[in-house]
Amino acid sequence: MDQTRRNVFKAGGGASLYALLAVAGMLRPDAALAADWNQKAFEAKNLKDAFDALGAGSRTDSIGILMTAPEIAENGAVVPIGAVSKLPGTESIAILIAKNPTALAASFDIPLGTEPAVSTRVKMAETSEVHVLVKAQGKFYVTKKEIKVTIGGCGG
Amino acid sequence: MADPMRIRAVAKDGGVNVKILMAHEMETGQRKDGAGKPIPAHFIQHVSASWQGKVVLSANWGTAIAKNPFLEFNFKGGQKGEKIQVTWTDNKGDKRTDEATIN
Numbered sequence: 001m002d003q004t005r006r007n008v009f010k011a012g013g014g015a016s017l018y019a020l021l022a023v024a025g026m027l028r029p030d031a032a033l034a035a036d037w038n039q040k041a042f043e044a045k046n047l048k049d050a051f052d053a054l055g056a057g058s059r060t061d062s063i064g065i066l067m068t069a070p071e072i073a074e075n076g077a078v079v080p081i082g083a084v085s086k087l088p089g090t091e092s093i094a095i096l097i098a099k100n101p102t103a104l105a106a107s108f109d110i111p112l113g114t115e116p117a118v119s120t121r122v123k124m125a126e127t128s129e130v131h132v133l134v135k136a137q138g139k140f141y142v143t144k145k146e147i148k149v150t151i152g153g154c155g156g
Numbered sequence: 157m158a159d160p161m162r163i164r165a166v167a168k169d170g171g172v173n174v175k176i177l178m179a180h181e182m183e184t185g186q187r188k189d190g191a192g193k194p195i196p197a198h199f200i201q202h203v204s205a206s207w208q209g210k211v212v213l214s215a216n217w218g219t220a221i222a223k224n225p226f227l228e229f230n231f232k233g234g235q236k237g238e239k240i241q242v243t244w245t246d247n248k249g250d251k252r253t254d255e256a257t258i259n
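Chains Z and H are the protein sequences, given in the same order. Counting in the numbering used here, the first sequence runs from 1 upward without gaps. Counting in the numbering used here, the second sequence runs from 157 upward without gaps.
Looking at chain Z on its own, in the form it has when it is part of the complex (with noise of 0.2 Å):
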């Protein structure tokens, strides 16, 4: 009983004192936000395991979200992709390519004034489905579409 008060105690200490490092600009704000890598969800090896571990365990199809991409990649080493969120108050965007060994590619935060809608390229080993995960104002929507691929783009 004691015990178990006495780690709550160290728990709440640990973490004001954080909180009073980070107000007293003492904590770098883009070293807070490198530790909030989800390590959890960046190692899934299936999409299902990275939903869950960005919290997306459940999520609507959203026709809200354009993803941009090619029908058929010749080059899986270098595939673009682009996706814009039309929906109201998006928070973050991330995509995921269900056949890589990894399915996480990437999550973007969404600031306020700025547009919910981002470009990148990615690998992909194989053909595979890739989907644009958006959050916005606390619920998961999703939308998906299939990539072929010539060449894959890990391995060898």
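What the hints contain is simulated information worked out from the structure, not anything from laboratory work. These figures come from a predicted structure and were not determined experimentally. Heads up, a few of these hints could be off.
Stated by the list, open to error - Facing chain H, a subset of chain Z residues (Cβ under 10 Å, in silico):
id, residue
1, 77
2, 117
3, 140
4, 142
As the list claims (entries may be wrong) - Here are the simulated lysine-lysine pairs, DSS-like style, with alpha carbons at most 30 Å apart:
id, chain 1, residue 1, chain 2, residue 2
5, Z, 45, Z, 99
6, Z, 99, H, 188
7, H, 223, H, 175
8, H, 188, Z, 148
9, Z, 148, Z, 48
10, H, 251, H, 188
11, H, 251, H, 193
12, H, 175, Z, 144
13, Z, 45, H, 188
14, Z, 45, H, 193
15, Z, 139, Z, 45
16, H, 210, Z, 40
17, H, 223, Z, 144
18, Z, 40, H, 236
19, Z, 40, Z, 144
20, H, 251, Z, 86
21, H, 248, H, 168
22, Z, 145, H, 251
23, Z, 145, Z, 45
24, Z, 139, H, 175
25, H, 223, Z, 45
26, H, 210, H, 248
27, Z, 148, H, 223
28, H, 193, Z, 40
29, H, 239, H, 223
30, Z, 99, Z, 148
31, Z, 144, Z, 99
32, H, 248, Z, 139
33, Z, 40, Z, 86
34, H, 210, Z, 45
35, Z, 99, H, 232
36, Z, 86, H, 188
37, Z, 86, H, 248
38, H, 210, H, 168
39, Z, 48, H, 188
Built from N, CA and C at the ideal position, the CB exists for glycine as well.
Given chain Z's structure and the hints, the job is docking chain H onto it.
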């Protein structure tokens, strides 16, 4: 030290369009070298862009981002002549920050 990023920030329609090209191997950890030994993963995990001290985009990446990563986004506000800073950090703790002027 990694090579500098190429950053282009262009003001238009009350916003700024930012295009970034980073120089990084983005090694997945899946490949093997000539002797059959796995090549350790080496990739950018975090990218952050800021304008006037405000973060305008923050990204976490896995190994599936292509070599020499490209990133494009738009944010509101931002005038010609102002600066934006972009920082990346990789899984080995290497880090690089570059600055560009909005034009």
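The hints, checked one at a time:
no. : hint            : result
1   : 77              : 6 Å, holds
2   : 117             : 6 Å, holds
3   : 140             : 17 Å, violated
4   : 142             : 17 Å, violated
5   : Z:45 <-> Z:99   : 9 Å, holds
6   : Z:99 <-> H:188  : 20 Å, holds
7   : H:223 <-> H:175 : 16 Å, holds
8   : H:188 <-> Z:148 : 25 Å, holds
9   : Z:148 <-> Z:48  : 21 Å, holds
10  : H:251 <-> H:188 : 25 Å, holds
11  : H:251 <-> H:193 : 27 Å, holds
12  : H:175 <-> Z:144 : 25 Å, holds
13  : Z:45 <-> H:188  : 19 Å, holds
14  : Z:45 <-> H:193  : 21 Å, holds
15  : Z:139 <-> Z:45  : 24 Å, holds
16  : H:210 <-> Z:40  : 28 Å, holds
17  : H:223 <-> Z:144 : 24 Å, holds
18  : Z:40 <-> H:236  : 41 Å, violated
19  : Z:40 <-> Z:144  : 22 Å, holds
20  : H:251 <-> Z:86  : 33 Å, violated
21  : H:248 <-> H:168 : 37 Å, violated
22  : Z:145 <-> H:251 : 34 Å, violated
23  : Z:145 <-> Z:45  : 19 Å, holds
24  : Z:139 <-> H:175 : 29 Å, holds
25  : H:223 <-> Z:45  : 21 Å, holds
26  : H:210 <-> H:248 : 26 Å, holds
27  : Z:148 <-> H:223 : 20 Å, holds
28  : H:193 <-> Z:40  : 25 Å, holds
29  : H:239 <-> H:223 : 26 Å, holds
30  : Z:99 <-> Z:148  : 12 Å, holds
31  : Z:144 <-> Z:99  : 13 Å, holds
32  : H:248 <-> Z:139 : 33 Å, violated
33  : Z:40 <-> Z:86   : 28 Å, holds
34  : H:210 <-> Z:45  : 34 Å, violated
35  : Z:99 <-> H:232  : 36 Å, violated
36  : Z:86 <-> H:188  : 42 Å, violated
37  : Z:86 <-> H:248  : 36 Å, violated
38  : H:210 <-> H:168 : 19 Å, holds
39  : Z:48 <-> H:188  : 28 Å, holds
The structure shown violates the earlier hints numbered 3, 4, 18, 20, 21, 22, 32, 34, 35, 36, 37.
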